[in-house]
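Using the supplied hints, reconstruct the complex from the two chains, each of which is provided in its own coordinate frame.
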Amino acid sequence: MSSTPTPLPAHAVDDESAPEKPRRMSRAEQRAIAAKGRLSSPWASGIAIIIAILWTIPSIGLLVTSFRPDTVIRNSGWWTVFGSIASGEAEFTVDNYNQALFGSSSDLATFFVNSFVITIPAVVIPITLALLAAYAFAWIPFRGRNILFVAVFSLQIVPLQVALVPLLRNYNDWGIGGSFWTVWFSHSIFALPLAIFLLHNFMKDIPPSLVEAARVDGAGHVKIFFRVLFPLLVPAIASFGIFQFLWVWNDLLVGLTFAASPYQPMTVAVAELAGSRGGDWHLLTAGAFISMVVPLVVFVALQRYFVRGMLAGAVKG
Amino acid sequence: MDWLLTPGTAGEKFAVMAVAIVLFVAMMSLILFAVDRPRRLPSWVVALGFVGLPLGFLAFGLLRPAGITLWNSFFNRNSTEFVGFDNYVRAFTESQFQQVLLVTAAWVILAPLLSTVIGLVYAVLVDRTRFEKFAKALVFVPMAISMVGASIIWKFVYEFRPDQGAIQQIGLLNQVLAWLGFPPQQFLIGQPWNTGFLIVVMIWIQTGFAMTVLSAAIKSIPDDITEAARLDGLHGAQMFRYITVPSIRPALVVVLTTIAMATLKAFDIVRTMTGGQFGTQVVANEFYTQAFRQNNQGLAAALAVVLFVLVIPIIAYNVRQMRMAEEIR
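Here the protein sequences line up with chains Z and H, keeping their order.
Those letters in the first sequence? Residues 1 to 317, by the numbering used here.
Those letters in the second sequence? Residues 1 to 329, by the numbering used here.
Don't take each hint at face value.
Only some residues are given here: those of chain Z computed to face chain H with a beta carbon under 8 Å [said to hold, decoys possible]: (1) VAL124; (2) LEU167; (3) SER179; (4) PHE299.
The set of hints was computed from the structure by calculation and includes no laboratory data.
In this text, a Cβ means the ideal position worked out from N, Cα and C, and glycines have one as well.
With the rest of the complex left out, here is chain H (with noise of 0.2 Å):
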């Protein structure tokens, strides 16, 4: 039976997924089976069959590991002994941990801005024109595939050849600024800018994510409302900044927050691009180097409390103004 563990062949991998599946519905016919039986069982025995073992999971694989990841986090770098805050006082204090948290506010700030703000504005352009489908297609496209992907790609854009004689740039971005008669950069090594080129991968993504909630809220601002607005003369840029921003504000508010959430546990971008090289190491990236490279297990854990405890505010922003928005109403 060695092959369910270590299968050799795609063939083999196959079955084992069949097996696995197979095992799978079994295991909830039996349970659903044995539940099923009207009024006879008190109902607290069949919601236990419903939710046991989706509870049971996130009990075990995700409740117990982050309070143990908690407790790891006030110990050493094998879990042997308490250090209290240390690993904390660490995260914050040492330079080379103040600038992968400077890096990742960075990070959380400008992403989410400037993919809302692009995208706000491509929704509200190509919002009932002709090609409003295709348009908007083209930008949703990079929701679709994974980081790691966006991150090759760009890093084409940004490929650097040294400027030397008959060498030609390969990289679109040192070729545009070869054409424009300035000298190749080396785009991912020059700090601080190289942060601000691993962030234009992010913007890139989200915009898509950003437009398509955008322009679902655009249009739904009622009729009567801009018809109104329109007999009192408003046009253009003061139509955008009274009547369609005020009127998405909630849905700009969830934009924003998700994108910030989304932007703070992603480490694909920073991982493939530069290696958290050349000073662009973010929190979650850090926390993968540690706790699987440098094998420092109480830090990697502090690492990961920091980025939970981090998506607090956030969260706390959101609710706040979800709050507010239902109060207006």
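Isolated chain Z (complex conformation) (with noise of 0.2 Å):
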């Protein structure tokens, strides 16, 4: 996709600086009085509510559910719950969690471990190369930049489904079809020219003079690299970080097609399990959120981060 989200609200920030600066107290002011006139509108407080409501009733109701017994989820809907638990009469269980993780008809526990394997590399490995690219793109003069710079950023709107099928092939006429190390290739390929792209960004919003001075100093691009820049851009690697670490972990695409069955993700074994046993809540509700813990442990833990992350990678796909 084009230059659009990373421009956005760059230019938001330019907009703002100059004229909030200096008018601190009366936006501060004007907060308040906006704040109070919002309240005051029973519509307004209304609609926002019922949004609110809408977007977390069905996640609560997938976590109640999680934790109700078998026969229990069967026969009686989850709102029910509040009822019982006023009564008295309230079941709580963990078992669902214990067979959908090691039950042997999910063994989601082999799912997650696999999940790990998978992620940590696809991040580690697209964010290094990009970085190396980003710094060359930014920094070192060669012929032919600019224009394989431009072919690099415009890979970003490629399909990953255009790639699929001829590089299974190819895997598989190395007779390293269905390993981790596929997986493992395929993420670090697709995640490449939005990573190079977001980390060039930032890299030519660091001072010419600060390298500049570095390789008057008789630094190599090497020693520039790592003692100058490095520092100055973990923020923006611990945001595409926190976008790469879960565009891995919630992709089903990538590992439904290439990890043979022993190595899938755990997206692709929640969905198999949706498909082949699709009424069995009590597994279905618990694996679905064993899926959705890590990702939103990271949310909670890294919020900032996390949605600046969120915000510059939204355009991948």
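Here is the structure:
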């Protein structure tokens, strides 16, 4: 996709920085007034509350159901627990999680391990490669640099689907089909265009005088990269790293296409469970929640980086 | 060394992972060490050290396969016989595939529009209230989970139990119908509304994205503008219509096109919730079916190319809007 996501926040910041600084007081005042005005409109708060409820209730239903015994799930809706809690009859259990994680039919514990094994290299490798490429595109002059950069940048719009079948055939020809290696390799390739583009934008924002000064002191490119640029890029790397982590963790297409069944990530296993045991809600709800725990923890713990990374990377695919 | 390709236990899997990372780091160190001779190597050699591997990856793993796919789209199901544009003709004329294209169009139009509208309304409503952070987190969370997870969440909401005597509904939506006195519905089976119920899941996921981008854009509207408008007597809905929306137009375009592209390529929801049955099939999932179930490589390649071609008008619109915005500035 084109230059869209990044320039937007960038220029939004530009627009804001100039008039905002001297006006901080009036903005705070205005904020109070605006908040007051808004809360006094019952329609506005009503609509906001309805949206918030619609966006949370389905997840709550899943979470509550995953802790109810199988037979109870089949015979009554999850919303009835609130009544049963009041009357002291509510039953809760972690059996569903036990069965989903270690039961012979689902065995999600194995796939949970797979998801980690797939995700960590699929984050480390593309970010490292992209950092180096972004450095070259930003700070090493060479012929054809701009054309190459535009080419890499425009590869973002290529849907993964066009690459899957030929790649899979190559992997099978090499005798590595279905292994973790093919999944790491594929994820790394697919992540590169966006990663190079974003990290290049961040690198370009670093004042050239810093790089020049280091160069005058006799530092080579490797030294400049590690000593001067890398420390300044840590927030950008964190943001993109979180995005890539979630993208790989939540990915279905790549895992489904390339990984053989003992090495599939959890998304594939849970999707399969939904297909083969669609009525077993005790397994499905627990399984789905297990697959969501890691992204949710990341969300709660690293919300700031998380949102930034999500926004920067939302165009991938 | 079999365990490197086919690790059995969790320990072996993590060991393979460690091996992969160590190998990669060693390789990168070697390349960097080789090119790190200041002022002795010509700059293109140094540049090659930095960009060579990533560019090689891209050429091999994205550019070349894309070319092969384009080539295969002109051949028959096992790539042995040249068939010209037959696969494309099939994809656009056979009623089965026309239905798929129609459903895909519904997705690409409805999902971006509704997520953007809901995201915008919500962003405006919670802007500068006391609960802003919390309220935004609630709507953003679905963005964090996988589409597979979201599909299961909603499949449970749509769960149907036949309306017989003592049988209780366990899906929330059918229970709501029951409370209102309506008979339960098979939301995922009745055409064409089932597609709408699947699109709801995409909207549920993408609204958080729309809200976050638009909220940032709203906050960057200069205070002088809103103040001047307020002095001129603009309030509430008028303020929204004449000040907020025009000021964040570029952000709206970005959000719409980004969600449209994500929607076009997403197959997870359809695959998990209906498997593409009951007239809910979309191009991205039909591609998967043709490539890996029906083994019709020619048609699958053509569908992948169609997917790529459909992205282009969205991008073109985006670029055009960006240019216009720049001219105005």
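Cross-check of the supplied hints:
1. VAL124: 6 Å, holds
2. LEU167: 5 Å, holds
3. SER179: Constraint on SER179 (chain Z) satisfied, holds at 5 Å.
4. PHE299: With a closest approach of 5 Å, the PHE299 (chain Z) hint holds.
The structure agrees with every numbered hint stated previously.
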